[in-house]
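Engineer: Below, each chain spelled out in residue letters.
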Amino acid sequence: MTALRGRAWTFGRDIDTDLILPARYLNMKTAEELAEHVMEDADPTFAGKVKPGDIVVAKENFGSGSSREHAPIALKGAGVSLVIAKSFARIFYRNAFNTGLPILVAPEAAEGIKQGDQLTVDLASGEIDDLTSGVKYQAQPLPPFMRELVEAGGLLPYLKKRAAAN
Amino acid sequence: MAMTMTEKILARAAGKESVEPGELIMAKLDFCFGNDVTAGVAIDEFEKAGFEHVFDSKKIGLIADHFTPNKDIKTAGLVKQMREFSKKHGLEHWYEVGRVGVEHAFLPEQGVVGPGDVVLGADSHTCTYGALGAFATGVGSTDLAGAMATGEAWFRVPETHRYDFEGTLGRYVTGKDIILFTIGNIGVDGALYKAMEFTGSTIRSLSMDSRFTICNMAIEAGGKSGIIAPDDITKAYVEGRFLRTPRYYHTDLDYVYEKIYRWKAEEVPLMVAKPHLPSNTQPADELSSIKIDQVVIGSCTNGRMEDLRQAAEILRGRKVHKDVRCIVIPATQAIWKQAMDEGLFDVFLAAEAAVSAPTCGPCLGGHMGVLAKGERAVSTTNRNFVGRMGDPGSEVYLAGPYVAAASAVAGCIATPDQIGGRRQP
Numbered sequence: 001m002t003a004l005r006g007r008a009w010t011f012g013r014d015i016d017t018d019l020i021l022p023a024r025y026l027n028m029k030t031a032e033e034l035a036e037h038v039m040e041d042a043d044p045t046f047a048g049k050v051k052p053g054d055i056v057v058a059k060e061n062f063g064s065g066s067s068r069e070h071a072p073i074a075l076k077g078a079g080v081s082l083v084i085a086k087s088f089a090r091i092f093y094r095n096a097f098n099t100g101l102p103i104l105v106a107p108e109a110a111e112g113i114k115q116g117d118q119l120t121v122d123l124a125s126g127e128i129d130d131l132t133s134g135v136k137y138q139a140q141p142l143p144p145f146m147r148e149l150v151e152a153g154g155l156l157p158y159l160k161k162r163a164a165a166n
Numbered sequence: 001m002a003m004t005m006t007e008k009i010l011a012r013a014a015g016k017e018s019v020e021p022g023e024l025i026m027a028k029l030d031f032c033f034g035n036d037v038t039a040g041v042a043i044d045e046f047e048k049a050g051f052e053h054v055f056d057s058k059k060i061g062l063i064a065d066h067f068t069p070n071k072d073i074k075t076a077g078l079v080k081q082m083r084e085f086s087k088k089h090g091l092e093h094w095y096e097v098g099r100v101g102v103e104h105a106f107l108p109e110q111g112v113v114g115p116g117d118v119v120l121g122a123d124s125h126t127c128t129y130g131a132l133g134a135f136a137t138g139v140g141s142t143d144l145a146g147a148m149a150t151g152e153a154w155f156r157v158p159e160t161h162r163y164d165f166e167g168t169l170g171r172y173v174t175g176k177d178i179i180l181f182t183i184g185n186i187g188v189d190g191a192l193y194k195a196m197e198f199t200g201s202t203i204r205s206l207s208m209d210s211r212f213t214i215c216n217m218a219i220e221a222g223g224k225s226g227i228i229a230p231d232d233i234t235k236a237y238v239e240g241r242f243l244r245t246p247r248y249y250h251t252d253l254d255y256v257y258e259k260i261y262r263w264k265a266e267e268v269p270l271m272v273a274k275p276h277l278p279s280n281t282q283p284a285d286e287l288s289s290i291k292i293d294q295v296v297i298g299s300c301t302n303g304r305m306e307d308l309r310q311a312a313e314i315l316r317g318r319k320v321h322k323d324v325r326c327i328v329i330p331a332t333q334a335i336w337k338q339a340m341d342e343g344l345f346d347v348f349l350a351a352e353a354a355v356s357a358p359t360c361g362p363c364l365g366g367h368m369g370v371l372a373k374g375e376r377a378v379s380t381t382n383r384n385f386v387g388r389m390g391d392p393g394s395e396v397y398l399a400g401p402y403v404a405a406a407s408a409v410a411g412c413i414a415t416p417d418q419i420g421g422r423r424q425p
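Residue numbers (the working numbering), protein chains in the order written: chain G, 1 to 166; chain E, 1 to 425.
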């Protein structure tokens, strides 16, 4: 896996899915439409400023609340390459893997990384390099099953492969 | 090996003798469903992945409830896609407006989900059915797509946290106050990834409607599921209603929980969760300086008969404050009819409240009561996040039906006692 490189956008704790993609836009479902409103109620300027490859860094319980997959779809659609957080709400955690949005649980990184820092991240090893501060962090390794899902190309290819094997 | 009822249900669904927390399983689903917000993406993913058949047309529901009756053209398109998919695959549980309601009130009411089930819903409040002694959890659209195709889903068996309430609740204190009290104590991620098991004499004394309210908001503490042991009250509710054979599971008496919280019922006051988190709680009687513009009584949390009766108990013989609009939304058609038959609509209309058709509507800022910037609502719904009911500059205070109705009359947050209590009919 190649390393990701991008600028950090930092957020606090309990960034719920209504902040990531407000419910008033749930009558839409394409990545293009949703990306225009990503993080709108947390930072209305975010969608206009985020660049492809940028990395969202947040504290505890990222993605809490609704089950809307529109939240990871919007982040991915806006070019966000990775979300690093201290912890993730469970439905968002599943949805991120299912939609192919990489996420890493990395409490020290989530605490240490500052807004605008340039980061390089090796997804496979979980190594996070903050080029601005010069500090290196290690994310928690992916659980083996989640790695299996990622390697299969997501949930649906995994289920198809499994059904074929049975 | 001792197991919780959640573990027993999951072991059965995984075809195993036993399971333990942390274990990954593939579980057979008894039912799965999505709504007008989540089904569209699920159908797209199902088709994109090249699946041609659903696993069982009787075990899948597509419930259009969030923005229905269709609030705009885009929603009409989403609902049309659900309708076409349902017809193409012969889905038994597809319902048009006029025959449906808010999914988490409708599915138990119609006996589609029941005790011992494993239910996967593409909606976070799917945890509601734990009130029946089921394992029910919310997921996103792709998980639903996989479930519709294979009838299975992967789960990490959750650790169980026990929340024990003993004793008799104070006057006007309900299931909503119990769950807000719990979330206020443990925080919005206090039960992250956990099964929340509610026990004790207080819980056992509660009606099914109150139990649904409690389990409904397990997700607001980060919980994977909420669950209450089935008893005679559960059995009375399920009998003659559940379309399949119920399976009653109980936690082994010698089970060692990861965590136990014990509270006395009298510690639970009439609760309000202030903006912008369900854990930001404060006793309602301390908030009377907060002026409000709107009251919503309804939703998958508090739109059932008991809730409407409680609201009517307070609104009877009174008028909604002149500067407040009060919107009452019975959660299903059956509830709507019963509320009408019991004369509750006479009470609401005399109080100058509006009664809407069943919908999630304002709970997530869809329609039927969206807030403008600077406006404030007291709502019996489940989330008070920024912008949840409309403009990001609006505010939602969560409460039970008694406090919501009293607040509608007072024009500010109020308890029934603060406005003189219930009036004799």
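Fair warning: there could be bad hints in the mix.
Unchecked claim - Result set (EDC-like, lysine to aspartate or glutamate): computed pairs, CA atoms no more than 16 Å apart in a straight line:
1. E:K87 with E:E47
2. E:K71 with E:E96
3. G:K160 with E:E52
4. E:K58 with E:E92
5. E:K48 with E:E92
6. E:K88 with E:D44
7. G:K160 with E:E96
8. G:K51 with G:E111
9. E:K74 with G:E33
Said to hold, decoys possible - Rough simulated footprint, nothing fancy, chain G against chain E, three-plus residues with beta-carbon under 8 Å:
10. 63 to 73
11. 394 to 403
12. 409 to 419
Because the hints were derived from the structure by calculation, they are not lab data. Just so it is clear, CB atoms sit at the ideal spot from N, CA and C, and this is done for glycine as well.
Engineer: Are the Cα positions of K58 of chain E and E92 of chain E separated by 16 Å at most?
Structural biologist: holds, 5 Å
Engineer: Just to be careful, I want the Cα atoms of K71 of chain E and E96 of chain E compared with a cutoff of 16 Å; is the pair within it?
Structural biologist: holds, 15 Å
Engineer: Take a quick look at whether K160 of chain G and E96 of chain E sit within 16 Å of each other, Cα to Cα.
Structural biologist: Cα-Cα ~32 Å, so violated.
Engineer: Are K160 of chain G and E52 of chain E close enough, with their CA atoms no more than 16 Å apart?
Structural biologist: Satisfied, since the Cα-Cα distance of roughly 12 Å is no more than 16 Å.
Engineer: Check, residue by residue, whether the segment 63 to 73 of chain E contains three or more positions whose beta-carbon lies closer than 8 Å to a beta-carbon of chain G, and give the verdict.
Structural biologist: With 4 residues in contact (Cβ-Cβ under 8 Å with chain G), the coverage given for the segment 63 to 73 of chain E holds.
Engineer: Does the structure keep K87 of chain E and E47 of chain E at a Cα separation of 16 Å or less?
Structural biologist: holds, 15 Å
Engineer: Given the hint that K51 of chain G pairs with E111 of chain G, test it: the Cα-Cα distance must not exceed 16 Å.
Structural biologist: With a Cα-Cα distance of about 22 Å, the restraint between K51 of chain G and E111 of chain G is violated, given a limit of 16 Å.
Engineer: Could you grab the alpha-carbon distance between K74 of chain E and E33 of chain G and see if it respects the 16 Å cut-off?
Structural biologist: Between K74 of chain E and E33 of chain G the Cα gap is close to 12 Å, so the pair holds against 16 Å.
Engineer: Under a C-beta cut-off of less than 8 Å, do 3 or more residues of the segment 394 to 403 of chain E approach chain G closely enough to confirm the stated coverage?
Structural biologist: The restraint on the segment 394 to 403 of chain E is violated, since only 0 of its residues have a Cβ under 8 Å from chain G and three are required.
Engineer: Is K48 of chain E within 16 Å of E92 of chain E, Cα to Cα?
Structural biologist: violated, 23 Å
Engineer: Holds or violated: K88 of chain E and D44 of chain E, Cα atoms, limit 16 Å.
Structural biologist: The given pair, whose Cα atoms are some 14 Å apart, holds under the 16 Å limit.
Engineer: Are three or more residues of the segment 409 to 419 of chain E within 8 Å, CB to CB, of chain G?
Structural biologist: Check failed, 0 qualifying residues.
The structure is inconsistent with the numbered hints 5, 7, 8, 11, 12, although it conforms to all the rest.
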